[in-house]
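Asks: Here are the chains, one letter per residue:
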Amino acid sequence: MDIGEQELTASRGTIGILGAGRVGTAIARLAVAAGYRVKIATSKPAAENALIIEIVTPGAEAVDAAEAAGSDLVVVAVPLHKYKSVNADALAGRVVVDAMNYWSVTDGDIADFEADDRSSSEVVAAHLSASRVVKSFNHIGYHEMEPDSAAPGTADRRALAIASNDAAAKEQVSAFIDALGFDSVDAGDLASGRAFEPGTDVFNGRFNADELSVKLHTSLVAA
Amino acid sequence: MEIGAYSFGDTQRNSDGSLRSTTEAIANLFEAIKHADAQGLDYFGVGEHHTATMPASSPGAMIAAAAAATGQITLGSAASIIGTDDPVRIFQQFAIADAISGGGRVEITAGRGSSVETFPLFGHSLEEYDELYAEKLDLLMTINNATSENVTWSGTVRPALEDLAVVPRPASGKLPIWLATGGNASSSARAGQLGLPVSYGIIGGAPHRFAPLAELYRRSGAAAGHAPETLKVSVGALGFVAPTKKEALERFYPGWHNLNVEMGRLRGWPAPDKRAYLAQADAPGAYYVGSPDEVAERIAHLHGHLGHMRHFLQMDIGGIPQEQLLESITLLATEVKPRVARLLAQK
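Protein chains in written order, with this note's numbering: chain A, 1 to 223; chain B, 1 to 347.
Source of the hints: derived by calculation from the structure; they are not laboratory data. By construction, the Cβ of each residue, glycine as well, lies at the ideal position given by its N, Cα and C atoms. Honestly, I wouldn't trust all of these hints.
Stated by the list, open to error - Dumping the calculated EDC-like pairs for lysine to aspartate or glutamate here, alpha-carbon to alpha-carbon at most 20 Å:
| no. | chain 1 | residue 1 | chain 2 | residue 2 |
| --- | --- | --- | --- | --- |
| 1 | A | Lys-82 | B | Glu-127 |
| 2 | A | Lys-82 | B | Glu-135 |
| 3 | A | Lys-84 | B | Glu-128 |
| 4 | A | Lys-82 | B | Glu-131 |
| 5 | A | Lys-44 | B | Glu-135 |
| 6 | A | Lys-44 | B | Glu-128 |
| 7 | B | Lys-274 | A | Glu-144 |
| 8 | A | Lys-82 | B | Glu-128 |
| 9 | A | Lys-84 | B | Asp-130 |
| 10 | A | Lys-82 | B | Asp-130 |
| 11 | A | Lys-44 | B | Glu-131 |
| 12 | A | Lys-44 | B | Asp-130 |
Said to hold, decoys possible - Estimated spans, in silico, between C-beta atoms of each pair:
| no. | chain 1 | residue 1 | chain 2 | residue 2 | range |
| --- | --- | --- | --- | --- | --- |
| 13 | B | Leu-278 | A | Gly-141 | 10 to 20 Å |
| 14 | B | Thr-147 | A | Lys-84 | 38 to 48 Å |
| 15 | A | Gly-141 | B | Leu-19 | 27 to 37 Å |
| 16 | A | Pro-152 | B | Ala-27 | 56 to 66 Å |
| 17 | A | Pro-152 | B | Lys-174 | 52 to 62 Å |
| 18 | B | Lys-174 | A | Gly-199 | 40 to 50 Å |
| 19 | B | Gly-264 | A | Asp-186 | 26 to 36 Å |
| 20 | B | His-301 | A | Ala-33 | 20 to 30 Å |
| 21 | A | Lys-84 | B | Ala-52 | 28 to 38 Å |
So here's chain A without its partners, still in its complex pose (with noise of 0.2 Å):
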């Protein structure tokens, strides 16, 4: 690495990716293609995953989950139905990134989600109840955020859709979502994330940040 690498990796800061499934890897590699110091941990001890992690996402680093939490910003990317095994006590006051959906044709029923008509991150917030949550990531498919990923200005570069009640922490992963090569749009608060779940337009499709603008309104006027 030579000196000019190591001041982009300070001035990124470091992320912390929860889940090393694919969509949790595929973050980590442009994460660390943009200069970020990236830590990644599961549920099981780091040294389980250091050769996943070496080989799927070189240049990430495996750690174990409370060292992951303490990052400047946390992805969490795990199988939704393990969410509450995600510590909230070690999230607490950090920026998290929930990347996950409640998709329950392929996931199956989990009462949690079916209980009211909330965003699944509503439901995921409730958990990390003292975290500030910003819901994104979650309607690109893993196999498309590395071809799809376009430096800042690239023309029709793809946009991705950000909800949060925390307009600080919003800022925050708007920032990192153009380091990785993708315009954001902002949605609103958390409830806002539902324009784009499983099932609507912005989940099923690939847009820009002015069609997704349109598509998001579109969504939350209709609803």
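Given chain A, work out where chain B should sit, using these hints.
Replies: Relative to chain A, chain B alone:
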């Protein structure tokens, strides 16, 4: 390189779009397997599926019948959803098919299944998804690795076996057991640690992106002390072969469209987009649709990334006409297979 096919069963459609009988779908599948054997294809997989459009619900029954009616082809499940089935029964069915095959032609591929129909169908709880899969795989391996008919095993998701006979034993002592995965890294690591061959189901995106997973698999296997020759990789993907690429694209599209309309209705997806189809059907996309030359070149290219020993295609989706399926199988066996062999020999 082995070249093969796999199917979930494919129910034919009337001209108004309504489904014909699932009985006919099974008869067609049986005919396709016999045809593949006669044409010299290396492998045919039957995937457990429980829908009216894809009714191959019991790979064990299908493969036992096929074992009696074929002479050289390797037969396997692609995959068996082991979490919601009984490993004792799976093993018995496949061991019987193995005996009927003359011995050594029958394999099991253990998978999780990409949808959840089997949970209500067989009365299991999705909350136990991970435990069911892990324990039942352990039981299946315990039975397979047993040195006599009698097996002892205990776990939490099923009553224990205390020195109980599980018969018959396979002709060669054990059945090949593969692990199927759609690309989750920990599944590749697990397959390597267990020393089981791994079968990648690649249904979207660029297949060469699986290269790090294959490396992870092989290094995990080596770290656990398994010999390199036991660490095999296979790839199952969508595809279709016709004399020209134009014909292949035209023949495969209606079924692809039907399947995606159905999946869209179920999962809230939009109407299928022909541009997406065409993009996936060109290198480096996920669909192996083309002339024998093109399909062979793409398989050989992927081999450079994955080093896989078997590549097999699902060709019958969405009610593809049977005669077109049979022609695709013929071309795969007689045109694609020798071309792949030639391309790999040149490397």
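Asks: If a hint holds in the structure, say so; if it does not, say that too.
Replies: Okay, the hints, checked on the actual structure:
{"no.": "1", "hint": "A:Lys-82 x B:Glu-127", "verdict": "holds, 10 Å"}
{"no.": "2", "hint": "A:Lys-82 x B:Glu-135", "verdict": "holds, 19 Å"}
{"no.": "3", "hint": "A:Lys-84 x B:Glu-128", "verdict": "holds, 15 Å"}
{"no.": "4", "hint": "A:Lys-82 x B:Glu-131", "verdict": "holds, 13 Å"}
{"no.": "5", "hint": "A:Lys-44 x B:Glu-135", "verdict": "holds, 18 Å"}
{"no.": "6", "hint": "A:Lys-44 x B:Glu-128", "verdict": "holds, 18 Å"}
{"no.": "7", "hint": "B:Lys-274 x A:Glu-144", "verdict": "holds, 18 Å"}
{"no.": "8", "hint": "A:Lys-82 x B:Glu-128", "verdict": "holds, 11 Å"}
{"no.": "9", "hint": "A:Lys-84 x B:Asp-130", "verdict": "holds, 16 Å"}
{"no.": "10", "hint": "A:Lys-82 x B:Asp-130", "verdict": "holds, 11 Å"}
{"no.": "11", "hint": "A:Lys-44 x B:Glu-131", "verdict": "holds, 15 Å"}
{"no.": "12", "hint": "A:Lys-44 x B:Asp-130", "verdict": "holds, 14 Å"}
{"no.": "13", "hint": "B:Leu-278 x A:Gly-141: 10 to 20 Å", "verdict": "holds, 18 Å"}
{"no.": "14", "hint": "B:Thr-147 x A:Lys-84: 38 to 48 Å", "verdict": "holds, 43 Å"}
{"no.": "15", "hint": "A:Gly-141 x B:Leu-19: 27 to 37 Å", "verdict": "holds, 29 Å"}
{"no.": "16", "hint": "A:Pro-152 x B:Ala-27: 56 to 66 Å", "verdict": "holds, 58 Å"}
{"no.": "17", "hint": "A:Pro-152 x B:Lys-174: 52 to 62 Å", "verdict": "holds, 56 Å"}
{"no.": "18", "hint": "B:Lys-174 x A:Gly-199: 40 to 50 Å", "verdict": "holds, 45 Å"}
{"no.": "19", "hint": "B:Gly-264 x A:Asp-186: 26 to 36 Å", "verdict": "holds, 29 Å"}
{"no.": "20", "hint": "B:His-301 x A:Ala-33: 20 to 30 Å", "verdict": "holds, 25 Å"}
{"no.": "21", "hint": "A:Lys-84 x B:Ala-52: 28 to 38 Å", "verdict": "holds, 36 Å"}
Hint violations for this structure: none, all hints satisfied.
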